[in-house]
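Chains A and B supply the protein sequences, listed in that same order. Residue numbers 1 to 323, in the UniProt record's numbering, belong to the letters of the first sequence in order. Residue numbers 1 to 323, in the UniProt record's numbering, belong to the letters of the second sequence in order.
Among the hints, a few may not be true.
To be verified - No farther apart than 25 Å at their CA atoms in a straight line, the calculated lysine to any residue pairs in the SDA-like style are these:
| # | chain 1 | residue 1 | chain 2 | residue 2 |
| --- | --- | --- | --- | --- |
| 1 | A | Lys302 | B | Pro24 |
| 2 | B | Lys39 | A | Asp178 |
| 3 | B | Lys23 | A | Pro30 |
| 4 | A | Lys23 | B | Arg303 |
| 5 | A | Lys317 | A | Asp178 |
| 6 | A | Lys39 | A | Asp178 |
| 7 | B | Lys317 | B | Ser262 |
| 8 | A | Lys244 | A | Gly78 |
Calculated directly from the structure, the hints in this document are not laboratory data.
There are 2 protein chains.
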Amino acid sequence: MKDHTDAPLPTYQDVVDAHERIKPYIHRTPILTSEFMNKLTGAELFFKCENFQKAGAFKVRGACNAVFGLSDEEAAKGVATHSSGNHALSLSYAAGRRGIPCNVVMPRTAPQAKKDAVIGYGGTITECEPSTTSREAVFAEVQARTGADFVHPYNDPRVIAGQATCSREFMEQVEGLDAVIAPIGGGGMISGCCLTLSNIAPGVEIYAAEPEQADDAYRSFKAGHIIADDAPNTIADGLKVPLKENTWHFVSHHVTDILTASEQEIIDAMRLTWARMKIVMEPSCAVPLATILKNPEVFRGKRVGVIITGGNVDLDKLPWMAG
Amino acid sequence: MKDHTDAPLPTYQDVVDAHERIKPYIHRTPILTSEFMNKLTGAELFFKCENFQKAGAFKVRGACNAVFGLSDEEAAKGVATHSSGNHALSLSYAAGRRGIPCNVVMPRTAPQAKKDAVIGYGGTITECEPSTTSREAVFAEVQARTGADFVHPYNDPRVIAGQATCSREFMEQVEGLDAVIAPIGGGGMISGCCLTLSNIAPGVEIYAAEPEQADDAYRSFKAGHIIADDAPNTIADGLKVPLKENTWHFVSHHVTDILTASEQEIIDAMRLTWARMKIVMEPSCAVPLATILKNPEVFRGKRVGVIITGGNVDLDKLPWMAG
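Using the sequences plus the hints, can you model the full thing?
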């Protein structure tokens, strides 16, 4: 049983290698722009649509990098993880493409659409309670039983290098970005942005956007050390997990600022994006736009890259619907 | 007062001219593909996302061609139209970009989201009953009062030439298409496909997709003459209008076949597209996929271009929601 979270931090060469390794299994996702959103915010926004990504989220980048980097011998025992949703789908997808087993520990409260998708990709689910403590205990049992390679949803250097390919593509697709903003939960996507941008575009500002009701990264950033909550409650269900050592390294060294938004602000930004940009995206993806609308002075006049992280939403339970 | 519907049929040169004229005001919309949809249908599908178009629908192409083709003198009196929705938005958008008035007659039952959008673009609404008869009577009064240039939503040669730019782009973006399929209501988009493809790619099959509950184009096609219903009822609210002389010309000469789908098949295809492709689109846009799923033998093994015509849906009233 191997825990990659103690491996050395990834380098930019790891990102280049990851991009080459995962290219056959991922989409180079398109960039959308909206005159309406530009007028509304006073900024020039470029939306990188990882909701159109394979398995519906950017997390497939890190998952594929981990799965396709395994030796045949390592791969034979399969992979395992715990995840609030998209990493579970993505690892199941990646394992399926390689033809190896995938065991995932998911909170029993995860959206049914995500559970169905994991099973659809061939993954096996073991449920836990919706808290970090329960998740880690159940996972230890599963991992001990299967001997699978543990692919942590964000603290794994292979995963961070994979997620970093997103901002690498972004810089190839849009010239002259002044800032990039993405949601922050465990910090995998933001760490990837830090890794790429600090190497190839160190002048670009990096903003992380977080729900007020799960603002552990914000408080960590201000305090200068990791503060973890056990079971925060937010509609942005992909952002409930805390920072870990590796992501904290990147966040504490390279993030410009962390901005927060309320639940209502997140819902409003989500509905506005669906209505005006015609894309299906998760509540988590609306947090960056919500914080841009809340802090216009930070972004006005800038060319801002906004990462739309995923589109795996339960279409029967949209947050602006009553009941 | 000028009625362009009696003008000569548009030529392919009109399409080339239209494309040049409207380029500054429209998006060159992206093509999305989905491995899931390909597996499901046995065809290779390419989705042209006109739901990402300015004003949220392909109709802005025809509207801009009409508005920006007017002389200054003609333009001064503004433009007017009747429309079940997207043409109203599109003409308001185009008139707004040129800075001229736009009067639209809309059924009082049109989605509130579309009414709000017309007003948002600066258009003026006069309501009518939801029938062709009422719509035409109310419109005659409005047009007489304003002296505006009448831009018919689909029977106008300038509008057909504008819509034809969509399939022209499609042929530039995807090589080797065997067939193109689009929804049919009044026949503006399908006529545009016929006009472009019969000139630059005459081997490409052209399929029109229609709701069973508003199948007047299907029955016209089989009968060999226009059959018009006064007030058909379907969830695909953009497809309730009948063919007219100019669109009938193109449909009767160039369409390969017209296929129909039930209301439930349309809703299922719509939900499936939202869930798997992460795009917001109107019920009308789901009719092509519904007919492909219903007639797999027609499309199997072919490279098929599917036109997603618009994304202006009422997010509070999604058809798979109870109540």
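Structure-based check of all given hints:
1. A:Lys302 / B:Pro24: Between lysine 302 (chain A) and proline 24 (chain B) the Cα gap is close to 23 Å, so the pair holds against 25 Å.
2. B:Lys39 / A:Asp178: Violated, because 41 Å separates the two Cα atoms, which is more than 25 Å.
3. B:Lys23 / A:Pro30: The hint holds at about 20 Å.
4. A:Lys23 / B:Arg303: The given pair, whose Cα atoms are some 23 Å apart, holds under the 25 Å limit.
5. A:Lys317 / A:Asp178: Roughly 36 Å separates the two Cα atoms, so the pair is violated.
6. A:Lys39 / A:Asp178: Holds, at about 18 Å.
7. B:Lys317 / B:Ser262: Satisfied, since the Cα-Cα distance of roughly 19 Å is no more than 25 Å.
8. A:Lys244 / A:Gly78: 24 Å, holds
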